[in-house]
Every structure is written in structure tokens, then in C-alpha cells.
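Asker: With these hints in hand, go ahead and build the complete structure from the sequences.
Protein chains: 4
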Amino acid sequence: MIAVLKPGTSVRQRDNLILWFKSQGLDVHISEGQTHTVLGIIGDTSRVDIDLLQSLDIVDSAKRVSETYKLANRKFHPQDTVVPVGPYKIGGGNFQIIAGPCSVESEEQIIEVAQAVKKSGAALLRGGAFKPRTSPYDFQGLRAAGIEYLLEAKKITGMPIVSEIMNAEHLPLFEDVDVIQVGARNMQNFELLKALGKTQKPVLLKRGLASTLKELLMSAEYIMAGGNENVILCERGIRTYEPSTRNTLDLSAVPLLREMTHLPIIVDPSHATGQARLVQPMAMAAAAAGADGLMIEVHNDPMHALCDGAQSLTPEQFDELARKVMRIREVVAG
Amino acid sequence: MIAVLKPGTSVRQRDNLILWFKSQGLDVHISEGQTHTVLGIIGDTSRVDIDLLQSLDIVDSAKRVSETYKLANRKFHPQDTVVPVGPYKIGGGNFQIIAGPCSVESEEQIIEVAQAVKKSGAALLRGGAFKPRTSPYDFQGLRAAGIEYLLEAKKITGMPIVSEIMNAEHLPLFEDVDVIQVGARNMQNFELLKALGKTQKPVLLKRGLASTLKELLMSAEYIMAGGNENVILCERGIRTYEPSTRNTLDLSAVPLLREMTHLPIIVDPSHATGQARLVQPMAMAAAAAGADGLMIEVHNDPMHALCDGAQSLTPEQFDELARKVMRIREVVAG
Amino acid sequence: MIAVLKPGTSVRQRDNLILWFKSQGLDVHISEGQTHTVLGIIGDTSRVDIDLLQSLDIVDSAKRVSETYKLANRKFHPQDTVVPVGPYKIGGGNFQIIAGPCSVESEEQIIEVAQAVKKSGAALLRGGAFKPRTSPYDFQGLRAAGIEYLLEAKKITGMPIVSEIMNAEHLPLFEDVDVIQVGARNMQNFELLKALGKTQKPVLLKRGLASTLKELLMSAEYIMAGGNENVILCERGIRTYEPSTRNTLDLSAVPLLREMTHLPIIVDPSHATGQARLVQPMAMAAAAAGADGLMIEVHNDPMHALCDGAQSLTPEQFDELARKVMRIREVVAG
Amino acid sequence: MIAVLKPGTSVRQRDNLILWFKSQGLDVHISEGQTHTVLGIIGDTSRVDIDLLQSLDIVDSAKRVSETYKLANRKFHPQDTVVPVGPYKIGGGNFQIIAGPCSVESEEQIIEVAQAVKKSGAALLRGGAFKPRTSPYDFQGLRAAGIEYLLEAKKITGMPIVSEIMNAEHLPLFEDVDVIQVGARNMQNFELLKALGKTQKPVLLKRGLASTLKELLMSAEYIMAGGNENVILCERGIRTYEPSTRNTLDLSAVPLLREMTHLPIIVDPSHATGQARLVQPMAMAAAAAGADGLMIEVHNDPMHALCDGAQSLTPEQFDELARKVMRIREVVAG
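Chains as they are written, first to last, in the numbering used here: chain A, 1 to 334; chain B, 1 to 334; chain C, 1 to 334; chain D, 1 to 334.
Because the hints were derived from the structure by calculation, they are not lab data. Treat the hints with caution; some may be incorrect.
Copies of the same chain look alike in the list, so a pair counts if it fits in one copy or across any two.
The list that follows gives simulated cross-link-like pairs (lysine-lysine, DSSO-like), each with its CA atoms no further than 30 angstroms apart [as the list claims (entries may be wrong)]:
1. 6 - 75
2. 63 - 155
3. 22 - 70
4. 70 - 119
5. 324 - 75
6. 155 - 6
7. 201 - 119
8. 155 - 89
These figures come from a predicted structure and were not determined experimentally.
Answerer: Written as C-alpha cells, this is what we have:
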């Protein structure tokens with residue numbers, strides 16, 4: 001950790017600060033510049049409150065040298081993490097598409113969609129049973145029944161399933177769900193993350209609406225610190241001032257996260273854009289940017305979807321998307 | 001609800017869309033403009049998926065005429081809501097200051113701070129027992145013991161207490177807490193909001209880091225829809241591109257929320273700015289903008305605070321703030 | 001234009017507002033809903049101040065039905081605009097790469113880079129002579145000499161050249177420049193846009209740091225309204241809260257602008273990300289999203305570049321990028 | 001300047017980098033930490049490209065120790081700058097209100113508004129003659145005639161006048177204008193800033209829509225570097241994701257700029273909020289936050305204002321605002 005002192009700091013003030021660091025078991029190097037003194041603080045500085053340090057009268061600025069995420073950090077784990085899900089692998093050069101409806105609406109619906117997307121090349125089936133809706137008056141999902149229908153679709157098609165959890169108390173219902181999704185709104189629901197850290201289930205962790213990449217990794221760290229290293233990161237758009245799309249898909253997150261972490265990174269262009277017409281070009285762009293997979297909303301009857309119909313593709317549109325994406329993927333891998 | 005059709009929409013396409021609305025029990029007015037046809041959809045449109053509507057090929061744009069929040073809406077409840085907390089009232093022309101440390105650290109600490117802020121005019125005591133921290137390695141709060149120390153301080157000073165909840169399972173521990181706080185990161189933890197809606201406890205609901213005012217009101221609506229109308233809103237800064245402050249305090253939220261809702265609105269300048277030096281000017285500005293109260297972090301030894309020391313005031317600084325704010329308040333009220 | 005009146009508006013108030021519209025030569029349709037009255041205002045509403053309308057006591061909200069950009073609007077010009085630049089075409093299914101250094105530094109440098117990027121497939125040569133720098137103490141460009149060196153490189157390689165203008169008074173210096181670039185900071189320098197509208201030079205208009213797509217099109221409209229329809233739009237990243245990249249590249253702008261306008265759309269991944277390592281994945285993603293071209297910074301000696309060296313590729317890196325992008329382009333076109 | 005090297009950097013790589021610094025006339029201190037080496041670069045580092053440095057393979061991160069703004073920096077000029085305008089002083093404990101219409105529409109209008117606002121306590125008269133409008137089809141101002149009407153109002157009332165410039169070529173028209181305003185869209189029109197730096201006119205510099213406080217100070221530095229130190233800064237709202245106001249007024253900018261610079265800081269709540277109803281509370285808040293003055297839009301007939309009528313106050317509303325603000329001001333100063 002580095003602390004830059006303001007011009008005019010007296011030697012006594014400087015030495016008091018150094019004493020404060022030393023009282024915390026840290027060592028300090030002093031480097032005198034033309035106008036500023038710079039302190040290099042050496043040792044385990046993870047407990048030093050950098051905001052407090054920056055607020056001191058004599059401190060101009062402070063900066064951490066080491067990242068606060070450790071288990072998710074590629075520096076300490078250079079090898080890609082590969083998360084196994086049923087017969088499939090996510091990460092480490094493998095590319096998988098997760099597809100399915102926003103909400104599970106009935107057993108027939110989820111089976112029909114599952115069969116269609118499997119035929120087009122999707123590996124995993126997604127479907128929401130518990131739905132986080134902005135309004136308490138909107139459809140909140142079929143809940144336990146939705147999970148059952150998903151399991152039925154899994155039995156018939158052999159596809160592993162992905163579904164979102166909103167409450168750690170529901171964990172018993174997710175026993176046979178293959179990947180548990182944490183939605184953007186719950187990315188910093190730390191109690192939920194801790195509970196998932198105690199399981200060994202793969203967790204698909206979506207980036208929060210206004211979260212930095214470092215915060216996303218700190219949330220992954222919550223899960224990993226509990227002992228569960230099967231975390232898949234998902235970029236799904238961030239909130240900006242631009243009103244034309246629901247969110248702004250941040251594809252530079254893909255190569256950046258690739259450097260910062262060893263965890264797999266997938267992209268959800270459906271929620272990011274909120275518009276079916278934009279899903280195919282953004283899916284192709286995500287594959288071109290190097291993503292490890294995609295998460296795509298598909299509905300057999302988008303006009304009557306109970307939630308987020310606007311961003312769902314028909315099975316035919318999904319089929320075209322999957323074919324184009326696979327060709328992009330060849331260019332990237334080649 | 002209004003739907004604007006694209007130029008070139010055929011009469012058959014238009015009539016199909018109208019049939020779709022009518023099949024949902026809605027009535028439709030047609031208004032032909034120079035280039036566009038406008039449909040006015042009449043009836044209970046709250047179940048119509050506006051995103052889906054906007055994504056149809058023939059629809060140029062769509063717009064809701066009525067807000068989706070009802071219980072929190074001033075249109076239907078013109079009178080200010082007043083939330084009673086012990087001997088104090090929040091809202092309806094009353095102004096209250098909530099003060100205390102970010103985290104409860106010990107019984108002595110919380111009692112000492114409570115006595116100091118009470119003397120300076122604070123009505124309620126705040127203190128965190130369960131702490132949402134970005135890093136799993138940071139101090140997570142004293143938990144149950146922290147609540148006990150707060151209750152001890154309440155017994156000694158008579159101050160009602162405010163503390164943050166992170167998990168509905170902890171509700172039994174909050175039985176004697178006077179106001180339950182929902183933090184910014186949990187503003188859209190809908191499962192937690194629903195659980196709080198079933199209690200009658202006053203809830204202090206903080207605006208999410210990237211939440212619109214409408215979303216804040218929709219989250220209040222979740223609590224109110226459960227039967228608990230004792231909701232206090234709190235502006236605490238939003239995330240922007242500006243790096244000089246932790247967040248950007250959005251004080252125009254105060255007069256805007258005043259128009260949109262009957263619920264009380266308080267401001268937290270400590271978390272918004274993250275810097276002790278900015279707390280007093282922003283507290284004065286919040287009072288001048290018409291807030292119903294303030295939430296201020298005060299610590300008897302900010303240099304050693306276990307969390308967020310950078311934004312804590314000393315009791316002396318708080319005393320000066322309280323005096324200045326009260327004089328501002330007189331100008332506003334007068 | 002549509003105006004929604006508040007519940008409780010009296011008939012007299014409503015009729016006064018209707019009179020105000022009629023006094024401006026407009027016609028009004030009235031549609032009564034369950035709680036709100038909706039007025040449809042018919043005629044040329046482009047002069048009605050929508051902000052003023054929305055601020056009236058009796059008006060709940062107002063909405064334009066027609067876009068305010070006309071010449072740039074695909075609704076009125078369904079055919080793609082193709083901008084001819086020397087022997088090349090931009091737009092309408094053609095794909096071109098513009099490459100070169102951020103700043104022209106010497107005649108040797110610009111010729112060397114030009115020859116290298118031409119060999120790798122770049123069609124146009126870019127190079128800054130007048131540089132907009134945040135600090136007055138940073139290198140401001142070679143100015144007139146820079147333009148001359150570019151023209152020399154054009155003579156030798158046959159590549160058309162692109163350079164940025166900062167002041168309409170410099171227009172005479174740009175007589176032999178093939179494409180005049182307007183930088184992000186000048187996107188709303190309306191005096192400059194008007195001056196460019198009076199020429200017939202192709203203009204490469206970069207999106208402002210915090211500009212919406214509609215504002216970008218309104219700025220294109222300034223140029224087109226003057227008589228110059230040769231406008232090329234350029235997405236180059238927008239400002240968000242994320243600190244890991246200089247800007248956030250908004251690739252959904254590509255398919256969105258494709259729907260809104262007939263003008264060509266290119267992408268600049270170098271300025272967007274600010275980091276050489278991210279340029280290739282983002283260039284590939286931009287091509288996959290359907291861009292009409294790319295603008296890439298290339299420097300023969302990035303370590304000594306006088307400006308923006310951090311985001312420049314070496315000629316070797318550019319060669320690899322160009323090959324990969326062309327393969328992506330085949331997938332998109334096919 | 002500080003550079004943190006990545007773990008695993010070899011001694012040879014480190015020494016090469018140090019040589020590169022030394023070749024630029026700089027000195028380097030080496031400090032070895034547990035995992036990282038930190039270099040302190042000493043000397044005039046203002047020409048070192050920090051982005052380039054950060055992009056090097058062996059560099060983890062880099063940080064400037066000194067600000068790049070010098071003339072505007074309070075560190076080097078601790079005393080408040082006071083800008084004299086006619087008989088008034090701006091800055092240094094003085095508080096002034098600038099009021100008037102968005103656009104000058106006629107001689108009668110501007111004189112009538114001037115007389116009204118003067119009576120209520122405004123010191124300076126504002127009025128737009130050259131108007132930056134997003135659309136080329138909107139009213140662009142009366143231009144030269146507008147300036148003449150302002151000068152007539154100045155003659156009659158004795159009020160110094162403030163008007164916006166959009167083009168350095170118009171400078172001769174501004175010879176008798178007392179304060180030249182640079183609008184938010186031109187904050188980084190560096191050619192215009194340089195031209196204003198060569199005059200001695202007070203310049204009111206508005207913060208750009210998405211500009212950081214440091215960028216605002218760098219733009220002030222452009223003017224000051226030319227020899228003109230009469231710069232007044234103006235906070236007028238920044239662009240965020242919140243749709244309820246036109247912009248988000250960032251009042252923490254006031255105390256922050258107070259620390260960073262010696263220049264006066266005023267606030268424009270009219271353009272920030274875009275809604276007349278919000279102007280008074282935000283004006284009071286700005287005064288409470290410690291601003292040196294306000295800029296308020298006032299119109300004698302807001303319903304017919306040719307531009308920005310929505311945010312204009314009537315003279316009666318302004319009178320109330322001025323009285324309340326003066327009482328807030330007493331609390332702040334006292």
C-alpha cells in the first residue's frame with residue numbers, strides 16, 4: 001500500500017502516521033520526492049482502512065498495491081478454472097450456450113423449448129421459477145412447481161438446468177438443479193452468497209447493474225471463501241444514461257475479466273439489450289470478444305410470455321443465432 | 001397506456017393488435033395523426049408487458065399513463081405519512097436526526113456515542129450490527145451482540161434505535177429494534193422486503209446505488225403491499241463517473257420524491273460522500289432542500305473505527321453540524 | 001405529440017391548454033381514460049417546447065411521436081447511404097479499416113506506418129495534426145506541418161487520409177484531406193458542425209462522451225441540414241462508472257443506429273478501451289456486431305508515442321487483427 | 001509519480017524501465033514490498049504518458065502524485081480568487097445572484113426581466129444571444145441583436161451582463177459584455193478556451209455534462225495558461241441514469257472544488273433540474289453547500305419562452321427564492 005503525504009506535512013506528523021502503521025504490525029519505506037513524500041507500507045495491509053487513510057489531513061492520496069480478491073485472482077491461479085456441469089465443461093477453452101425461457105410457465109412449454117434449443121446446439125436449459133420483479137404486482141414465478149417442470153424437462157432431454165435463487169431458505173428445492181443462478185440484483189446479497197459458498201453447486205453469478213468488475217470478483221470471492229470454487233461469471237449489461245437499450249452491454253468486461261481472473265465468463269445479451277432484434281448481433285459480438293458461453297432467452301410464443309417477452313427469440317431465431325455464433329467461435333478459437 | 005404505431009402499419013395489423021388488447025379485457029381509442037396512429041389503451045393495463053409491446057414490429061413506442069406504484073403514490077394519498085418512532089415523529093413537517101457509528105464495536109463505545117449525539121440534538125441512535133461489506137475478509141459486524149449493546153444504549157439514553165438487517169431469518173433479533181434499515185445493496189432483495197412487509201416495524205429503505213426514484217418507490221410498494229405502511233425513504237448517493245466522491249448525492253431526489261410520494265424522505269450524507277469533511281456542507285444542503293431528516297455517522301474515535309472511519313464525524317463536529325442544520329431548518333420551515 | 005393530463009384537471013384548464021395548441025396552428029384529439037385524459041396533438045409539433053409542456057401543473061407527462069431528426073432518419077431514407085472516399089466506399093455493405101497513429105510525429109513516421117497498415121489491408125490512413133488534449137501542457141499536435149506529412153504519405157501510398165479538425169478557421173488547411181474527423185469533445189460544437197455542413201467533405205462524426213444516440217443523430221443533422229450528406233458515424237465508448245477501461249464501448253449502438261439511420265457506422269476500439277491489449281477482441285466484436293468499418297491506432301514505436309501510446313498497436317499486432325477481423329466479417333456478410 | 005511492478009518482473013526488465021525514466025531526465029527510487037516492487041519517479045513527470053506506462057506488461061498500475069493543474073490549484077495559491085465584475089465581487093466570501101431569461105427575445109423583455117430581478121436582489125443579468133441547441137431546427141438565438149438588447153438593459157439598470165459565446169470569431173461582439181459564459185457543451189472546446197485566455201474578460205466556465213472536477217479544472221487551466229485568471233466555475237448538473245430530472249445536480253462539487261481550487265464556484269439549478277418547481281429547493285441547497293453564487297433563469301412569461309421555458313421562474317417566484325437564499329446565506333456565513 002502506498003500513501004502520498006501532502007506538501008507541508010511536518011516530520012512529527014509523518015512519524016506519527018508511521019507509528020500508527022507500525023502499531024498494526026506493518027513496515028514503512030519513506031521516499032522523498034520534489035514536492036511530496038511517499039510512504040510504502042509493507043506487510044499484510046488488507047485490514048488497513050484505505051478510506052480512513054485518505055481522509056487524514058496530511059494524506060493526499062493512498063493506493064492499494066495488491067488486489068483484495070485472492071481466490072478469484074489469476075495472479076495466484078494462472079490456470080483457467082473449468083466448471084463441470086453434467087456432461088459439459090464451462091471455461092478453459094470450452095464454449096457453451098445456455099438457452100430457455102425467462103420464466104417457466106408450464107410443463108409443456110419448458111419441454112417444448114428445451115427440445116427446440118437442444119436441437120439447435122444449446123448445452124444447458126435455463127428457466128426461471130423464482131422471479132425478481134421490480135413490481136410486487138408482476139408475475140413472481142411458479143416457484144416450486146417451476147423447478148419441478150424444469151426437472152421433468154431435464155429428465156426428458158438430458159440437459160442440465162440453470163435456475164435463479166432469491167432466498168437461501170429455498171436451497172433444498174435446488175438440490176437437483178445443476179447450476180444455481182444469482183441475479184444482478186442479488187450480486188451483493190452477501191448472506192445468500194455465503195450460503196452458496198457452503199454448497200458445491202456451480203453458481204452462475206451475474207454482474208450487478210452498477211457493479212465494477214472488482215466488485216463482481218469480490219462477490220465471487222464470498223462464494224469461494226466458503227469453499228465452493230465452481231463460480232461462473234456473467235456480464236449482462238450495466239446501467240448508463242443511454243435510454244435506447246435497457247442496459248449497456250459491456251463487452252470489454254470479457255477480455256478484462258480474462259486477465260483478472262481464472263473463472264469462466266459468459267454473456268447474457270437478452271437481458272442486457274431487452275430487445276429481441278439486438279440479441280443476435282450482440283451474441284455474435286460476445287463470442288468474438290472471447291466469451292466462454294452465452295445465455296439466451298428463447299420462448300415458443302414470445303407474444304404471450306409472462307415476463308420479458310420483448311427480449312425472447314423464437315426457436316427459429318435461436319437456431320440461426322446458434323449457427324452464426326458457432327462460426328464466429330471457430331474464428332476466435334482458430 | 002399509449003401505443004404509437006409506425007408509419008406504414010396496415011389496417012389489418014392495427015386491428016390485430018387491437019384484438020390482442022381486447023382479449024385482455026381492455027378498451028382501445030384510435031387517434032390518427034399526420035404520420036402516426038396513436039392507440040389509447042383503457043382499463044387496468046398494469047398486466048400489459050410494455051417491453052413486449054415496444055418490441056412489436058408495428059409499434060414505434062409505448063408509454064404508461066399511470067404509475068405502477070399505488071400505495072406509495074401521493075396521487076392516491078395526498079396527506080403526508082408520519083411514521084411514529086418512540087416519542088418521535090418522522091415526516092409531516094417534523095425533522096429528526098439519526099446519528100451513531102457505522103458499526104457497533106463495544107457496549108462502552110455505543111453508549112458513549114449515544115450520550116454525546118443525544119446531547120447535540122439527535123433523536124435516534126444508529127449502529128450497525130450486521131454489516132454488508134464488499135470483501136468477505138472485512139469486519140462483518142458483532143451481529144447478535146451488537147444488537148444487545150444497542151438495546152443497552154437505548155435503555156440508558158431512551159433513544160429509539162435503528163439498525164440494518166441483511167437476512168429475514170434475523171428478524172427475531174430485531175424485535176426491540178425501533179427502525180429496521182434496508183441497505184442500498186438490498187433495496188431489490190425482494191424476499192427481504194416481503195418479509196418486512198409482514199411486520200409493523202418502521203422500515204428505513206435506502207435507495208440502491210443505481211436505482212431510479214421509481215424503482216425506490218416500487219421497493220417501498222413491496223413492503224406496503226404486505227401491510228406495513230411505515231416506510232421511510234433514504235437518499236444516500238448514486239453511482240456516477242465522478243471519482244472524487246464515493247457516490248454522488250442526488251439532492252433533487254428530495255423535492256421530487258416529495259411530489260411523487262407521501263412517505264418521509266431522509267438523507268445520509270456520510271455514506272454518499274465517504275469523506276468527513278463533506279458531511280457538514282451536504283447535511284446543510286439536504287436540510288435546505290427540504291429533507292425530513294438526516295442520518296449521520298458519528299464515532300468517538302474515528303481513527304480506530306473498524307469500518308467507514310473516513311466518513312465519521314467526531315462528537316464535536318456533529319455538535320456543530322446539528323446547530324447549523326437546525327438554523328437552516330428554521331429558514332425552510334419559516 | 002401526446003400530452004397526458006393529471007387526474008383532477010378541470011375542463012376549463014384542459015380547454016385552455018387546447019386553445020394554446022390551436023393558437024400554434026395545431027389540432028388536438030381528446031381521449032378520456034379511466035383516470036387520465038390524453039391529448040393527441042396533430043400537425044407540425046417540432047416547435048412545441050416539450051419540456052415546458054411537461055412542466056405545466058396540469059400535465060402529467062408528454063411524449064413526441066415523431067423523431068426530431070429528419071435527414072438522418074431511416075424512416076424517410078430507407079436506403080443505406082454510401083460515402084465514397086477516393087477509390088473506397090463506406091457503408092452499404094462495404095467494410096473498411098482506417099488505421100494510423102494517434103498523432104503525426106514526423107514525415108518518416110507517418111509514411112512508415114502508412115505503408116505497414118496498407119500492406120495489412122487498411123483502406124484509409126488516420127493521423128492527428130490538431131490534437132484535443134485535456135491538459136494545456138500536453139503535446140497539441142504538429143498542426144499545419146502534420147497535415148503536410150499526411151498529404152505526403154497519401155501521395156506515396158495512395159491512401160485517402162482522415163484527420164481531426166478543432167476549429168472551422170482551419171478548414172483551408174483541410175482542402176486535400178479526404179475525411180474530416182470531428183472528435184467526441186466537439187460533437188456538440190454546433191458552430192463547427194454548421195461550417196462543415198457547408199462543405200461537401202465526408203465528415204467522420206464521433207459520438208460524445210455522454211451523448212445519446214439521438215443526440216449523435218441530431219449532430220449529424222446539423223451537418224446534413226447545411227447540405228452535406230456525407231456523414232460517417234463513429235462509436236468510441238461512453239463514460240460510465242467502471243474504472244477498468246477509459247470508456248465503455250457501447251456495441252449495441254451499432255445495430256441500433258442501423259435501424260435509426262441510413263448513415264454508415266464505424267467503431268473505434270482504441271480510444272474506447274485505452275489499452276492495446278483490448279483492441280483486438282473489441283475490434284472483432286465490433287465487426288461481429290455489424291459495423292461498417294473500424295478505426296484503429298497503430299504506431300511503429302508505441303513506447304515513444306507522443307500521445308495515447310497505451311492504446312496503439314504495433315504494425316504486427318495490427319496485421320493479426322486485420323486478418324481475424326476479415327474472417328469475422330465473412331461470417332457476418334455470409 | 002509512482003509505478004507498481006507486477007510480481008515476477010525480472011531485475012533486467014525493471015532496470016530497463018528505470019533507464020527509460022532516466023532517459024527522460026527523471027530520478028527513480030526503488031522500494032521492494034512483499035509481493036510488488038514500487039518505483040517512485042522523481043522530477044518533472046508531467047510529460048510522462050501515464051496511460052502508456054500502465055499498459056506495459058510489467059506494470060501493474062501507476063499513479064500521479066501531483067495534480068496536472070497548476071494555476072488553478074489551491075495548493076500553490078491558497079488565497080481565494082476574487083473576480084471583480086462592475087461594482088460586484090465574485091468569490092472570497094461574496095455571494096452574488098445572476099438572473100435573467102434563457103434567451104434574449106426582445107429589448108422590452110430583457111429590460112423588464114432585468115428591472116424585476118434587480119429589485120429582488122440579483123447583481124448580474126444573464127441572457128442568451130447565441131444559443132447552443134441540440135436540434136438545428138430549434139431557435140438559435142437573436143445573435144448580435146440579442147447582445148445589443150442586453151447592453152441596452154445594462155445601460156438602463158446598471159447591471160453587469162453575462163452571455164454565452166459559441167465561437168471565438170464572435171469575440172468582438174462581446175467587447176462590452178461583462179462576463180463571457182462558456183457552456184457545458186463547449187467546456188472542452190480547447191480552441192475557444194485558448195482564445196478566451198488571451199482576453200482579460202471574466203469567464204464563467206460551466207462543467208461539461210460528463211466532466212470530472214479535474215477536467216473542469218484542466219479547462220480552467222487552458223484559460224489561465226493564456227494569461228486570463230478571471231475564471232468562475234459553474235456546477236450545472238451531470239448526466240446520470242436517473243430520468244426524472246434533466247441532469248443530476250452534484251452539490252458535493254461545491255465543497256470539493258473549494259478544496260481543490262481558489263477559483264469562485266457558482267451553481268445553476270435551472271439547467272440542472274430542467275423543472276421550475278425544483279429550482280427553489282436546489283438554489284437553497286446550493287447556498288447551504290457553500291456556493292459563491294447562483295445563476296437562475298427568470299422569464300416574465302414562461303409559457304411563451306422560446307427556449308427552456310420549463311425551467312424558468314416568474315419574477316414573483318424569483319423574488320421568493322432570493323429572499324430564502326439570503327437567509328440561508330446568513331446561516332452559512334455566520
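Asker: Against this structure, judge whether each hint is valid.
Answerer: Each hint tested on the structure:
1. In the homo-oligomer, the alpha carbons of residue 6 and residue 75 lie at most 30 angstroms apart only across protomers (9 angstroms), although the nearest pairing inside one protomer, at 33 angstroms, exceeds that limit.
2. When the C-alpha separation of residue 63 and residue 155 is checked against a cutoff of 30 angstroms, the pair qualifies neither within a copy, at 52 angstroms, nor between copies, at 42 angstroms.
3. In the homo-oligomer, the alpha carbons of residue 22 and residue 70 lie at most 30 angstroms apart inside one protomer (24 angstroms), although the nearest pairing across protomers, at 35 angstroms, exceeds that limit.
4. Neither within a single protomer nor between protomers do residue 70 and residue 119 lie at most 30 angstroms apart by alpha-carbon distance, with minima of 40 angstroms and 45 angstroms respectively.
5. Proximity of residue 324 to residue 75 under the C-alpha cut-off of 30 angstroms is restricted to the inter-copy arrangement: shortest distance 28 angstroms between copies versus 34 angstroms within a copy.
6. Within a single copy, residue 155 and residue 6 get their C-alpha atoms no closer than 66 angstroms, and across copies no closer than 45 angstroms, so neither meets the 30 angstroms cut-off.
7. Within a single copy, residue 201 and residue 119 get their C-alpha atoms as close as 26 angstroms, which meets the 30 angstroms cut-off; across copies the closest is 51 angstroms, which misses it.
8. Taking the shortest alpha-carbon separations for residue 155 and residue 89, only the intra-copy value of 19 angstroms comes in at or below 30 angstroms, while the best inter-copy value is 54 angstroms.
In terms of the numbered hints stated before, the structure departs from hints 2, 4, 6, listed from lowest to highest.
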